[in-house]
Each structure stands twice: as structure tokens, then as C-alpha cells.
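One-letter residues, chain by chain:
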Amino acid sequence: MAKQAKNMGAQLKTLRRVMRYIRPHLPWLLLSLALALISVALTLYVPILVGRAIDCIVSAGRVDFDGLGSALIAIAVCAALTAGCQWVMNTINNRITYRTVADIRNDAFAHIQKLPLKYLDAHPAGDTVSRMISDVDTFADGLLMGFTQLFTGLATILGTLIFMLTLSLTITLVVVVITPLSLLVANFIATRTYSMFRLQSATRGEQTALIDEAIGEAKLVAAFGHGEKTLAQFDEINDRLRECSLQATFFSSLTNPCTRFVNSIVYAGVALTGALAAAGGMLSVGGLSSFLSYANQYTKPFNEISGVVTELQNALACAGRMFELIDEPEQEPDAEFAQTLCDPQGEIAIRGVDFSYTKDRPLIEGFSLDVKPGQHVAIVGPTGCGKTTMINLLMRFYDVDAGEIRIDGHETRDITRQNLRSSIGMVLQDTWLTAGTIRENIAMSRPDASLDEVIAAAKAAHAHSFIRRLPDGYDTVIGENGGQLSQGQKQLLCIARVMLSLPPMLILDEATSSIDTRTEHRIQKAFASMMQGRTSFIVAHRLSTIRHADMILVMREGRVVEQGTHEELLEKNGFYAELHQSQFAG
Amino acid sequence: MVFDLKKLFVYLKDYTRECVLGPLFKLLEASFELIVPLIVASLIDRGILAGDRGWIVKMSLALVLLALVGLGFSVTAQYFSARAAIGFSTKLRHVLMAHIQKLGFAEIDRLGTSTLITRMTSDVNQVQSGVNMVLRLLLRSPFVVFGAMVMAFTIDFSCALIFAAVIFVLCVIVFSIMLMTIPMYRRVQHQLDSVTAATRENLTGVRVIRAFCKEEGEVAKFTKRNKLLTGMQQSVGRISALMNPVTYVVINLAVIALIRSGALKVEAGQLSQGEVVALYNYMSQILVELVKMASLIILLTKSVACGGRIAAILDVSPEQQDGTMRPAKDAPRGSVVFEHVSLQYPGAGDESITDVSFAAAPGQTIGVIGGTGSGKTTLINLIGRFYDATGGRVLVDGMDVRKLSMADLRSCIAIVPQKAVLFKGTIRSNLLWGNEQASQEEILSAVHIAQADDVIAGKTLGLDEPVEQGGRNFSGGQRQRLTIARALVRKPEILILDDSASALDYATDARLRRAIREMDNPPTTFIVSQRAASVLHADLIIVLEDGQVAGTGTHEELMNSCSVYQEIYSSQFSQEEVSAHG
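Protein sequence lines correspond, in order, to chains A and B. Residue 440 is where the first sequence starts when you use our numbering, and the numbers rise one by one after that. Residue 36 is where the second sequence starts when you use our numbering, and the numbers rise one by one after that.
Calculated directly from the structure, the hints in this document are not laboratory data. Not one of these hints is a red herring.
No farther apart than 20 angstroms at their CA atoms in a straight line, the calculated lysine-lysine pairs in the PhoX-like style are these: (1) B/K126 - B/K42; (2) B/K126 - B/K137; (3) B/K459 - A/K658; (4) A/K668 - B/K126; (5) A/K553 - B/K256; (6) A/K668 - B/K137; (7) A/K557 - B/K459.
One chain only, chain B, in its complex shape (with noise of 0.2 angstroms):
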């Protein structure tokens, strides 16, 4: 469970000077804090016994001097150790973001978005906390407690021994209870993983909920999780909640042996009330650094299931790797080959593509059509490399994607994909995803191809209009087709349309079509589609059934030899059009 953290302290690397400040001005503090006790036994022994009423005062103003000093270093640690903590959790989350990123699809498939989101938000803040109690006290609270004990041995020896016996005790008691909670604050973080995931999951669904009339339900369910979480809470609290008194009981065991074997030593003149005292008063600073410890304990065990957690996330690393290759200048841009391509998913029990082989030379249009899962997402998420074919090979540009670096490669092609997704921002920042560098001009003329001039035009602000989470402030139709305007600002060399045109009526998608074949330098341009409309003029037509390639040709040869895609064509136009078109 260390173990895991090793990877996380990396990251405080950038802090180690405030690392080392922060601890080292809290141990300078606790060190007056030590002497304090000494000051009083001499005023008790001095002072009061021999009746020296100059030394008394010359002692409190030394306690006052004291004070005074150890403000000055606390002030000076806490600032270091907040510093520490917060560059490091900053830091944190950078990396965890950026390492999320670079995770492969199939990765983020398993792991699911709200335990992401847990790990980035809550366990990142509770780790933080962690970090910031460590420096300020984990070496402070060690440090008074064995400090206490050295000072005692330097008053009686055999005093002494009690505290050596006390902190062992403690020692014992303090890391039991530790290794008990430990995993169970980490299922208690799983579990509210799991009321995350329920209210997220209510959120997006709101609208079939509703329609359901599931609200209760919905009620039901949560708060089935939400006292699954607070009963585990309780019973993991109430082993915790043991710290203290138990503490609190043996340390004051201690005092009575102490002050029953001082009392012999006393009685026997080998040592004085005063040290009796300054005996008693380092027992009790134990006592209040261990209620500290006690409590600071809590919350690192917290911390640490927190970011054992966060550890396992950087743990998974992306399978894919990355090529280094460039393709070669001359080669034609915009070619796509697949040679006996099979993908079968990570734990799925069978191929979702098998044996698929097709070439589609530059600024060609290529048309896939087929059943339900017959796997047409899967044959076009395999040219930008977004998972790596299980069988055969894919090449773009004439080479094989693995050996492409995967910048390059998605560099060149644009996906429209099923859902429309626009991201909080404008219009215009939106669009400028497929190209950072697009000028005013190319943005409009993207938007022009994309058929979206209305939706432009529509907005009171143009292409500065506000766009919401999701583009929840736009409907479907202008969603899409603002998502294809953002796929055409990169000027692609191969363009994926993934059934891009399901929310748009006939006309503005054979509009679209049109527009995009008629650009300068037209993308090679994958259609997905479930329309034999939107695939009818392509180069070539692949149509798939069941993973499975069922026939590839033209319109016209697919209508003499392919019966899957007669009876598609058949199924959406009535007789007369078949007969008319066909």
C-alpha cells in the first residue's frame, strides 16, 4: 500500500525544498516546545522551593521568549507545507488528466467515466489534505513524543523506561487500528464511487426517466446505495473512534506508575519534586500530540486508500503503442487499405470484424452500409487506429498504422461521429478543434460545406454564440451538422462520416454530399450510413453483415450481385423508385 504511493510522491519532487523547510521549521517549533517543561521544573525547584522571586520571573519572560519564536517557525512550516501540498495536488491532477488522455479507448471502456471523475475530484482533494497534515505533523507529533522521552531519560533513567514502554504500546495500537481501516475507507470510497455513478447516470437520463415515470424508483435505488455508503462509514468510524480513548487509558496508566516510582525515588533522595513535575508534564505532552497524531491518522489513512486509488488509474497503462514512422513524401495522400482486418474486443467473446479487405484510393468515396452491430463503427474506428486489429492489417498512406506515429496519423483524418457532441465554449471554438490555425475564411467555408449557415445566421452572436456542456443549447440537426463543419476545418485527407447524417432530412444530407465532393481538394470519404440514399453515388460500397464483408462494388454492381444490400435498397424505396433509380 506504500508501495502504490511511491509513484504519487514523484510528483513532489518539484517541492522538495518546501518539503524539507516545512517539516524542519515544525521540528525547530517543537524543540522550544520541549524545553518548556525543564523551564518549569527549575521555577518550581529554583524559584518557589528556594524562594527566588527574581528567577521566577526571569523564567516566565524566557517561556514568553519562547513562544514568541515558535509562532514565528510554525507560521514559517505551515506556509511551506500548504505550498507543497497544493503544488502537488495541482500537479496531480495534471498528470492524471494527461494520463487519462493518453489511454487507449478500450481502457476507458473498462475503467468508466464517474470513477474517473471521483479519482480526479475528491480523491486528488482528500490526498491533498493528506500531504499538507503530513508535513505539518506526521514528523512533529514523532518527534515531541520520542523528544518527551529523551528528556526524561536525561532527569531519571529508570523513570525513563515507563516512557520507552508507553510508546511501544502506543505504537501498537496506533498502526492495529491503521491496518484495520485502511481497506475499509477504501471500499467506503468505492461505494461512493458507486453513489456518483448513480447520480450522473440520473442526470443524463432524465428525459427516459421521466417519460418512465422511474423517479421513485430512481429515489429508491439511490438511497439504497446512499445507506449501503453511510452503514459502511459508521462501522469503519467506529473502529476509528477507538484511537483516543484508548490512548487516553494507557497514557494515564503511565502517569500512575510514573508518579508511584518517582514517589520511591523521592522517598529514597534520588530525585526532587520539581522533576517529579517536569516528569509528569512530558507525559501529558505525549498525551496532546497523540490525540493530534490520533486524529491525523484518520485522515491519512483516508488519504492514503485515496490515493492508492488514484495510483491504480496511473497503473493502467495504455496498451497501444506509439509509432515513430512518417509516411513516405511521395506516397498518395488520403489511401486506405484494410488487408484481412479482424478486431474481437477485449473480453468479448467474438470477432465484431472479421476477414475485412478493401483499398479506397485519394479523394475517393466510400460507402458502408449495413445490419445493426455488423460492425461498421468498428471497421472505421480501426483507420484512426482507435483500437489495433486483432488480425490482418490496416494501412494509410501505405503504411501500416502501427508503425504511424499516432499524432500524424489522426492529424489527417476527421470523424463525425453517431452522437453529435459540441463542448462548452462558442461556435467558433468549437470549430476550431479540427484546426487552430483555420482563418475566418476557411471556418466559414467548412461551415458553407457542412450546410450550417442557417444555424450561424440563426444566433444573435454568429460564431461567438455560447455553447453550452454538450451543446445542450442546440438541437440535434444543428449539432450535427456544426459537428461536421468542425470536422471539415481540418481539412482532412480522409474524412469519416459515422451515420453523420441520421439527423438531417434528405435534402440538406444530399445537399452535403454534394458539397463535400465538390470541395478543391476532395478527402477520401467514408460514409457510414443506414441509407442506400447517402451511399448510392459512392466509389465503392462495402456492405457488411455480421462483421462479415457480404459484398463490395458499386451501386449498380451490387444490385446485380449482392442480395443483402437488394434488400436494403428494396426495404427503404417503394417499387416504382426502385425500378426509377435502380
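Isolated chain A (complex conformation) (with noise of 0.2 angstroms):
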């Protein structure tokens, strides 16, 4: 009890929600709303109007034509405006129902771009994409039915019990008795199954996740001749996905039979007293046959709103999972008096900071450095000492545990990241395209750049002769992070990126990895007269490449072990002199 509970209330607090988003469209609702009134009142006269005809012909001879015209007449206008109401009804709904998806939708993805990289980094992207698309989707099956069903539902029961009473008491009674045992059984197969949706959902996320894993890395599973193991664990969580699956199903089909039997019951008790009335001469055969007929369509809404509360109950489920990544807490805003940086110097002072991705690893402690405007820093050290966490935190990407970082003097925190982060151009390891031309790709840092300075960039990064020979030229179309293109030229390209806005303070990771060194020899030069007057922070492993560093720093274990110049260092034959010596060890 206490989990079902605890069901309802999580379930309510999401209803909330979605009627805050359903808000805006208020005006629509009411109108929605009204027009289901008039089409449900219309709709509930016609079975008065068919009684009355039928009452029109008792038997041979006795048939009154006149009175049975006008009743059909009254029919066929009643049926020609229930169907305009119900068609701009369903109109209005479906506006509603998609309108109010695409701005969940709309706010999800806003929100993404607001959360910390730490929650990024630390969810599968398939989960996190299910959740936008497979959830929303459920979210607006059940959404749409409910607006369809669930209006149109209460308002014939509503109407059918006056229309009814108008009629007789006594069968009212018999109607009104019987009928919430539906209600009943259907609330208990609904809480039941509300779980049910919930563990196939997560299931389903589960899914997704190893779906994205074994697509987005098929060449490697491939080339492992994985694919049996991977399909095994795949099977592994598809027959789990079917077992619970078959039993949200199951479960949740029940409810139309069970209400369906109730209002059998309904049927057969409203049968029995009608006839026994209208034996007693206390109720006409037309009046019986309308009676008849509100008995299923007072009952047929129950059907529909249990059914519409089972769909709700699943739709509320993808709707919890989806304001759960909507309710992540987002990244501690940019402060209230953030300043942008005018004319950045790139005068870099990093005090005393302490950093860890997670609370019990200490990574980096009480780390300090001063680097004056134009000064060229190359971090270096073993695999995995922690150099990529320095970009991390100089592009706040991560926020430091402890300490500051300055730039031009003024901490970082108090700058608005999109100001910070326009001042530092950035050449990551992992290169990132995007779906769109070249062209585009290139003029991401300054969209509004004309295809000389395009052409020019591209130049500098040394791409332009690889873009020249592809079909389109700057005009090519890649694919989902480049397509075809190799490692390199994607990188050659994320370099134009950085070539066309030419930011004060830059970043370079490993930025060469992938270029041959003729190539790379080439874009030291260009990289040399870019980073001319610039503040740079190269993270690399060719030691010929950082040699003329106005500063080293050489990391080990998080830590900067060693600072200087590369004479000073070697001087000092330490970590650095023995890392150089390795260099041509064989």
C-alpha cells in the first residue's frame, strides 16, 4: 500500500507538471472542452429522437408519419453538428498534445546545454536520447488519447445520467448502482501496472544504451568478431525486456474485458427493469430502446477511461523519466555580476586549486601557476597524468574544488563562461563535427564569416587542398561527426575552426595526433604565427614540438611535478630529462 502510495504521489507530481506545460494553451483547452459538451449533449439526444421515431410505429396501420419525419429531420441536423464539433475537437486536441510535446522537447534539449559535464559525462548518451524520443513519443500517445477520451468520457457520463433521469428514476438508479464497480476495477489493474510501465521503460532505456554501444562502435565489434556476445547480451536484455513487457501488456489489457463485463451487467439489469416497467405500462418501447442505448454509452466511457488511465499511467511514466533529466540540476549559473572581458590579455593565474572528478580520488592539490600574456605552456607527462583535466578546468568545463583561476585578473567564475570560452580556442583530441556542409563546419566559432576568410583559414590549417578535391568542395555534406572523412582531415578541420576566430588565449590537446608530421610540420608554422602574442596551452607528447615553451609543466599523477624552461629542466635531470631520454629508446 504504502508503494502504491508512493506511486500516486510521484504520479500526481508529474500531472502537475504536465498541466503547467499545458498552460499556454488554455484558450484552446476551454474551447476543446466546450465543444465536447455540445457534441456529447448532441450526441445523447439522438437515442430520444430514435425513440421518439421508433414510438412512431407501433404496428400495422398504426404508424404516425408525420411525427416520425420531423424526428428524422431532428437526427440528421443533430449528426451533422456533432461531427463538425467532434472534427474540430480532435483538431484542437491534436495542437495541444504536439504543441505541448515539442516544448517539453524544446526545454529537455535547452536544458542539456545547461548541465554540468559531469552529469555528460557520466550517462550513457542512448539513455539520455531514449529519454528525448521514445518517451516523449509514449508521453504523447497517452497525452493525445487522454484529451480525446477522457473529456468526452466524463461528459457523457454526466450527460447520460440527466438525459436518463429525465426518462426514469428507478432505471437511473439501477445504472448508477452498478456502473463504479468499472471504476473500481479498473483503478486496481491501473496501480498495478503503473510499475509494470516503469520497469519496461527502464528496460527499454537499458536496451538503448547497448543498442548505441554496439551500432555506434559496430567496425570494433566487427573486427573482435564480437557480435555473437554482444548479441547475447543483447538477447540477455531483450528476453527480460519480453517478460516484462508481456506482463505490462497483459495486465494492462485486462481492464477492457473486466469493464466491459460490468457494463454487460449494466446492460442485462437495465434490460430487466425497463422491460418490467414497460410491461407495467410505466414506460414506452422507444423509451426502453433509448434506455438501452445510454446503458452502453453510459457505461462505454468507463471502458474508454479505464483504458485512457492505463495509457495516462504509462504516458506519466515516460513523463517521470524525462522531467527526471529536466530536473537535473543544471550548472551553477554564471554569476549575478559576471563580467565579460574586454580585450583579453590572457594573463593566466591559477591559485592553490584543488580538483577531483570524484570525492574520495584526490586528482590535483593545491596546484599554482602564473603565465603572462603571450606565453606558451606545454603540459606534459605520462599517459594519463591528468592533462586533459587542466583543459577541464580552464574551460570550465568542471568547476575547481578549491582555490581560483584568474584571467586578466579577474577569477573565472566571475566571468560568464560564454565570455571565457570565446577567449580561449580549443582543439580537442576527440574531434567533433557536425552534420552540415564544411563550410559550416569551419565557420562554427564565427557563422557570419565570408568564404575567403573561410578558404583563408582552411588554408592556414592546411585543409584546403583536401576540401578542394572533395565533390562539393567547401559545399560538401558530412554525415554525423564527418562521415568519411579520416581522422586527420577531421582534425585538419577543427583547426580551421580555431584558424578563423583567432581567440586571445588557446588550447591545443593533443592536437596534432592524428597528422602526419609533414603536415604537422607545416601547421607548427602556421600554429607558431597564430600563437604569436597569444597565451597557449599545448598538451602534447612530441617533445620537439614544446621545446620552445617559455614554460614546461611536466604532470605525474595529477600532480605538476616539475616547472621551467626545457634547458632548466634537463638541467635539472629529473622526470622531464628522463621522459626526453625515452624519446628514441626502442
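Make the complex out of the two chains shown on their own, each in a separate frame, by following the hints.
So this is what it looks like as C-alpha cells:
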């Protein structure tokens, strides 16, 4: 019971969130409600008209054709009006549903932009995608069904009650007493199935994550002949999904037969009491016919409503997962009086910085560094010594745990992220390109750049020659993450991207790792002129490229163990010297 | 369109029993429902008009009995339908996954990852609910509709003709709406793909997007695609929304016609009042079923569209044909020969590599060096037959790779790709990728050779340290060394390091190369690199430029004869070093 209550609480909370999204569409919602009322009233009036018509045709020779004619015309008018109202109502409901869903998706997407990298680094992309796409889809289906059927259902119940009361009190009582049974049944089933649907959703998420991995890295899977093993893993989840889907689907599909059974009982009850009343002369045959129609119409919405309730539960479970994503705390917003650096010089001061990814594994402790404008800092060290962490901190992808980083004397936390990041040009180890043309990709930092400027940047990055050879040159459309471009070509594009904007500070993370040394040699020259007067951090392994740095940071296990120029460090004969010696060890 | 789906229905075969029993029980339930108006008619004519109260009670009890039996039948039907639908979708997902794994790289490149993911997830879900609904309702509704018509014929022939006419008109309406909406739903789903792609891309490129402060632009792009999707959904919704109102009007016109002609017959004494009520009740039943049908058809059109998208994937057949031969028993293991090999990727304007020839003997180290886009990765992709050469042939262990079974071929090759990717699981589960049967010692020795001892030592759980998706909880260098270890666990005859040392410092890189050379049975090792230092000591160095071989030979030979190699070397080492090592 406690669990059920908790479920209910969670559902209510989600429902309130959904309502908040619907609020902007309130006028439409009210219009839809009004149309639902009109069409229901008209629909309910039709059986009375039919009853009247039937009463006009008692037996041979006793047919009242005048009364019949007017009743039939009335039916035609009602039907036409009902149809009109229904169509407009459905269209409005579509509109509300799809726009609400679009709003939720937009919010979620905008929210992802503000989520801390800590969250995104820790959650599989596939799971997030599944929340944004298939969960929202299921939610839309449920919401649409809810709108179209919940209104009309409720209105039909009320309307039927009123119409029935005008016909006969006792028979109405029979209907009213038996029908709530179907609600009880429906509610019983719905509460049981909510947790099954949630489990189904979660299992689907798990499966999507695996699919994402297996298909995203299909080449590796093939190379290692790991297909069968992956398939076995997939099948294991698939089997679990089958079990929980079967349960969720079967138990939720019991709602209809059960409520239909209750309806049939109601129908039998009405037939019994109504026929007895008619036999006693208290009701006409036409009246009984109207009543039986009503008994059907009255109970049908209960059916539908319970169906809708199940669907809504499913929808709410999905919406819940969606809102979990939207509710994920955002990264700390920019300080209220955050400044923008005008004409930043690139003086960087790092003071006593502590940082770790997980609380129990300290990584960087008490790190300090002063960089004058235009100086070049090289970061070297064995693999996994925490060099990329420095980038995370400088770009404020992660915030420091203690200490501070200052640029031109301003604490980075007092500068807007946008301003900070646009003052730093970055080329990352993991190249990333967006689906679009080559030109769009290069002009990412400055969408207004002219084609000439883009070409100039590409030339400076030595990307021009390969771009020119592509089928459509700069307008060649490349697919998701670069499609068939080689790793090196992608990296050249990433470099061209930075060449175009030339910010006052640069971060080059193994920027040249996939480019052959000849191209690299040329790029070095371009870089040298680009780095002229720009504060630069270079994470690289090639000692020859960092020899001329103003400062070399030698890192080991998260700490800066040595600091100085190439000559100073060699003279010191410490860790750096050891690294340097091993360069040509075979 | 129905043709597409045949391919999918095959997977319902295991559930033939369920597929028959589900609808069958539904039909039984429906037939009991069809008796109801007859009972009511007799209740009116014999009970009310003739004043037989005992008959009224009896008939009411009969109604309760019918309801009870109907409940039993329909619960059974629901169970069988759910089983069939879910069994079907489970099977379908399995088949899709297996099929996608069989696709060649060229096909996967072309299809794109996100569309494959939507098809495996949301499309399959949609088809599942479609199958479930079809089994539950698709037979039932037409059965009730036609059943009602047949029952009407038993009451009065000319009135029943009205039923026949109505059913015809309704069929026309239902099918035309369906025909209009199916292609529209397909477009909606296509647009949903594009929204999925935008989301995925945003997640994978989050660092770059933030570095370039592109968040707002991304949101704008997403909003635009999303808006387009919403617009498409609304326009298809408007047409679908016609179904109910139009059928409602048609049915009511039929009711009017029915009562009017009924009235004439009653006046003439050919029909009783109770029978007119029964006819009207049958018409109402048709209406109720049609409402259900309408919502079913909306769902169904979506499902058909989704099913078509799934079938389209299953239609993509891998272009490569698997070979069946095995290398001769006495053939030397680990030899690789290229004979005038060229490759042009599908859709590419020019060959990526042209006329490449070389021979690598077992145990040798082959260096592949060259500029960006010079064809290095292409060359090594041909060894494992990830693409088929468009000219010349590739021989492994003396056999044309196209004649070898792909599984055999790849089982003797281990690749360490440029991009170091680990999979969700533990370090151990990742290393076991190379060889399921590897013992603890074999794993540890591979880790040792890959210079990854400290990676394991640095983790509290050692080999059992969890790995998150993509290996995000490891640094680039750690991942790279683990991927090398993964390849070594395989004890391959041919080891391919595709620029795999790029995230390693020189010292680690050098120790790694030495360790591989000192292995007991050293594999034929291909080292693809940008660094002259990495290939310096190779038995054979292949220098590529723009897809052509610019030179082959040892370091010394190339330093004398190959200007491209000389340029690479001197760009990397300072003058003193060139004279010291050259």
C-alpha cells in the first residue's frame, strides 16, 4: 500500500508538471472542452429522437408518419453538428498535444545545454536520447488519447445521467449503482500496472544504451568478432524486456474486458427493470430503446476512461523519466554580476587549485601557476597524468573544488562562461564535427565569416587542398561526426575552425596526434604565427614541438612535478629529463 | 507497402498458435455480443408487448450469462495477443540486431547510426502495439460489422440492403483516409530521426559546442527541426481526425433510412416494432465497432509506416559474400601479401589507395607511414576485409581474403583502432573481448605488454573496475593502452596498431614496441603511425602519399632513396638527431 501511495504521489507530481506545460494552451483547451460538451449533448439527444421515432411506428396501420418525419430530420441535423464539433475538437487536441510535447522536448534540449559535464560524462548518451525521443513519443500518444477521450467520456457520463433521469428514476438508479464497479476494477488494474510500465521503460532505456554502443562501435564489434557475444548480451536484456512487457501489456489489457463485463451486467439490469416497467405501462418501447442505448453509452466512457487511465499511467511513467532529466540540477549559473573581458590580454593566474572527479579520489591538489600574456605553456607527462583535466578546468567544463583561476586578474567564476570560452580557442583530441557542410563546420566560431575568410582559415590549417578535392568543395555535406573523412582530415577541420576566430588564448590538446608529421610541420608554422602574442596551452607528446615553450609543466599522477624551460628541466636531470631520454629508446 | 511487411510477418511464425487463438477467442466473444439484440427484440415482442414477465426475467439472466462467457473469452484472447505481439517484437529486435551486425562497414556508413537506433527502438515498439491491436481488434471489428449485417438479413432483406450500402461507403472512407495518412506518417517518423540525430550529436559534441558557445545555436537548430516535426504531426492528425466524425454522419444517415423503411414495413404489417429496435441496435453496434476501428487504423497506419522502415533495414543486404575456405595447414601463419591492390569507396570520386603491393612475412614488423588522407587506414582495413578491394587482391596466410571465412580471417587478426573505445562493463570484460577463454595469466601478461600495469594497479577493483559506456571514466591514454591489451589477449597472428600510440608519450610508446617484439611468438605487426620514431625499427616501412606507394624498404634504405620519407623524418627530428640516428 505504501508503495502504491508513493506511486500515486509521484504520478500526481508528474501530472502537475504536465499541466504547467499545457497552461499556455488554456484557451484552446476550454474551446475543446466546450465543443466536447456540445457534441456529447447532441450525441445523447439522438437516442431520444430515435426512441421517439420508434414510438411513432407501433404496429401495422398505426404509424405516425408526420411525427416520424420531424424526428428523422432532427436526427440528421444533430448528426451533422456533432460531426463538425468532433472534428474541430480533435484538431485542437492534436494541436495541444503536439505543441506541448514539442515544448517539453525543447525544454529538455535547452536544459541539456546547461547540464554540468559531470552529469553528461556519467550518463550514456543512448539513455538520454531514449528519454527525449521514445519516452516523449509514448507520452504524446497517452496525452492525445487522454484529451480526446477523457473529456468526452466525462461529459458523456454526466449528460447520460441527466437524460436518463428525465426518462426514469428507478432505472437510472440501477445504472448508477452498478457502474462504479467498473471504475474500481479499472483503478485496481491501473495501480498494479504502473510499476510494470516503469520497469518496462527502464529496461528499454538499458537496451537502447546497449544498442547505441553496439551500433555506434559496429566496426570494433566486427573486428573482434564480438557480434555473437554482443548479441547474447542484447538477447539477455531482450528476454527481460519480453517478460516485463508481456506483464505490463497483458495486465493493462485486462481493463477493457473487465469493464466491458460490468457494462454487460448494467445492460442486463436495464433490460430487466426497463422491460418490467414497460410491461407495467410506465415506459414506452421507444423509451426502453433509448435507455438501452444510454446504458451502452453511459458505460462505454467508463471503459474508455479506464483505458485512458492505463495509457496515461504509461504516459506519466515516461513523462516522469523525462522530467527527471529536466530536473537534473543545472551547472551553477554565471555569477549575477559576471563580467565580460573586453580585449582580454591572456594573463592567467592559477592559485592553490584542488580538483577531483570523485570526492574520494583526490587528483589535483594545491596547484599554482602564473602565465604572462603571450606566453606558451606546454603540458607534458606520461599517459593518464591528468593533462586533459587542466583543460576541463581552464574552459570551466568543471569547477575547481578549492582555489581560483584568474584571467587578467578576474576570477573565472566572475566571468560569463560564454565570454571565457570564446576568449579561448580549443582543439580537442576527440574531434567532433556537426552534420552540415564543410563551410558550416569551419565557420562554427564565426557563422558570419565570408567564404574567403573560411578558405583563408582552411589554407592556414592546410585543410584547403583536401577540401578542394571533395565532390562539392566547401559545400560538401558531411554526415554525423564527419562521416567518411579520415581522423586526420577531421582534425584539420577542427584546426581551421580555431584559425578562423583566433581568440587571445589557445588550448591545443594533442591537436596533432592524427596528422602526419609533414602536415604537422606546416601546421606548426601556422600555429607559431597564430600563437604569436597569444597565451597558449599545448598538451602534446612530441618534445620537439614543446621545446620552445616559455614554460613546461611536467605532470605525473595529477600533480605538477616539475616546472621550467626545456633547458632548465634538462639541467635538473629529473623526470622530464628521463622522459626526454626515452624518446628514442627502441 | 503490405508487401514490405511480409518480410516481418515471418517472425510471427513461432507464435502461429497465439495468432490463431487470440483472434478466435475474440470472434467467439463477438458472436455472443451479436446475439444480444435478438434477445432484446424477443424481450420486447414477447415480454413487453405480450406481457410475459417470466420471459423478461429469463432473457435478462441470459444476458448476464452471455456477459460472463464473453469475459472468459476476451481475457484469453488478450493473453494470446499480448504473447504473440511481444514475442514478435522480441524476435524482431533480435533479428534486426543480428542483421545490422552482418552489414558491411560501407552499409553502416551509408545508413547512419541514429536511424538504426530509432528503428530498433521506437519503430519496433510501434509495430509491437500494432500487432497487438490487430490481433485483438482487426478481425473482431469487421466480424461484428459483417455479423450485424448478416443478422439484419435474417430479420428483413430490404432493410439489410441499407447495411450493405453503409458498409461499402464506410470501407471507402476508411481506406482513403488510410492511403492518405500512411505516407505522411512515414515522413513524420523520418523527421523524428532528424530530431534524434540532433540530440545525439549534441550529446557527443558537448565539449566543442560549449567551447564555441554554440548552445543557443544548437537550441535554435533543434527547435527548428522539432517545430517541423510538430507541424507534420499536426497536419497528419487533422486528416486522421476526420475518420470519426465522417463515419458518425454516415451511420446516422443509415439509421434515418432504416427507420423510415422500417416504418413503411411496419405500416404494411411486414415487421414488428421489436424487430425495428433490433435493426437499430445492430446499426449502433456497427457504430461502436467503427469507432474502435478508427483508432485502431490510426495506430495501424503508424505501425505499417514503422514496419516499412524496419523492413527497409532488413532489405539492405551485406554486399560482401562470406568465403568458406580455410588456409592450408602447413601454410605459414601471419603472412600478408598485397598484389596491386586498389580501393575506391562507394560514392567516392577517386580511389583511396591505388596499386599497392608488398609482402609481409610472419613475425615481421611493418611500418606504414604517410600523410593525412594518404590511405593508411584504408590499407589496413583491407587486411581484415572490412572493405573489399576494388582492384588486385589481398592474401592472408597465402589465401585470397575473399575466399576465407570472415570469422576465421578476423579471429587471427587483432586491431587497435585510432579511436580508443571501451565498452560498458569491467576492465576484465573488455579485455575478454579479445578471447573469451583467456586465463588470468594471459590477461595480465597482455596488460603488461601493453604497458597498462599501472592502469590496473591504480584502480581499487583492479581488473574488475567498472567501465562506463565508451570508457569515459578512463583517460585517453589509459583507454588506448587497454585497447592494446585487448588486442593482445587475442594472441593474434596479425596485430594492427592503427596510429594507436598517438595518446602515448614516447617512452611508453617505445616500451610498448619493444615488449611486442620480445613476445614469445611475435605476431606480424603493422604499425601505422605519424611518427618516424615508431616505425624506425620496422622490418619493412611502407611510405604512402595520396594513396600511392612512395617507397618501401627499411629505414636505412628509405633514407637513401625516398624523398618523402626523408622529409617526414627531418621534419620530426632536429638536425643533430638526424645526423645522430640517421
